[in-house]
Amino acid sequence: MDIFQVVGLGIVASVVLLLVRKERPELSLGLSLVVGLMLFFVILPRLSSVIAVFGNLATESGIEPLYFGIILKVLAISYVADLGASICRDAGEEMVATRVEMAGKILILVSALPIVQEVLNVIRTLMS
Amino acid sequence: MLSVDLIFKIAGLAIIVSVLHSVLKQAGKEEYAWLVTLTGIVIVLTLVTGLVADFFDSVRSTFQLP
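In order, the protein sequences belong to chains A and B. Quick note on numbering: the first sequence equals residues 0 to 127 in my numbering. Quick note on numbering: the second sequence equals residues 951 to 1016 in my numbering.
Hints in this document: simulated from the structure, not taken from any laboratory. Be careful, since some hints might not be right.
[Said to hold, decoys possible] Once the Cα atoms are required to be at most 27 Å apart in a straight line, the calculated DSS-like pairs of lysine-lysine come out as:
| no. | chain 1 | residue 1 | chain 2 | residue 2 |
| --- | --- | --- | --- | --- |
| 1 | A | Lys104 | A | Lys72 |
| 2 | A | Lys21 | B | Lys979 |
| 3 | B | Lys975 | A | Lys21 |
| 4 | B | Lys959 | B | Lys975 |
| 5 | B | Lys959 | A | Lys21 |
Start from the sequences, fold in the hints, and give me the full structure.
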């Protein structure tokens, strides 16, 4: 089962990281990044199956594919920005981490603009 | 996707680099010690960039991004 694999990998990695961080702090950053990415790759097939199911639901229920694409894009941006920010925070660079997170938020806002305009149009048509 | 051996490979590399570093420092060759550490960092970075490239590709494919 995937959860055993993830937890096993996490425990082994944090024990090894404990040793590496004491000896060579600069190498421990690369190692923690590798572990984070491996944990993502373990969970990737489950994630893509969930996305496929939601994709079918969206197309069946007649939602415009644009909106589902935006949702996926926002999810991807938030995930990657969070990974980058936590890696920077792991290295002790708090300022860089907050900058990465802010850039992620702005990108999410930019990609969600079409939905906001659509909502405004609907409201305008209702009002008039 | 990758098994656990990558973790142990990097950990082994880190241990070797730190042992070499301290040995060279004891022997009084400070700059060689730092050269060894630098090569260790470069090797780990090349490994990591390969994995990060795979990560970005798989994110791009699962989230159907352009």
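Exercise for the section: Report the numbers of all earlier hints that the structure fails to satisfy, in ascending order. Expected result: none
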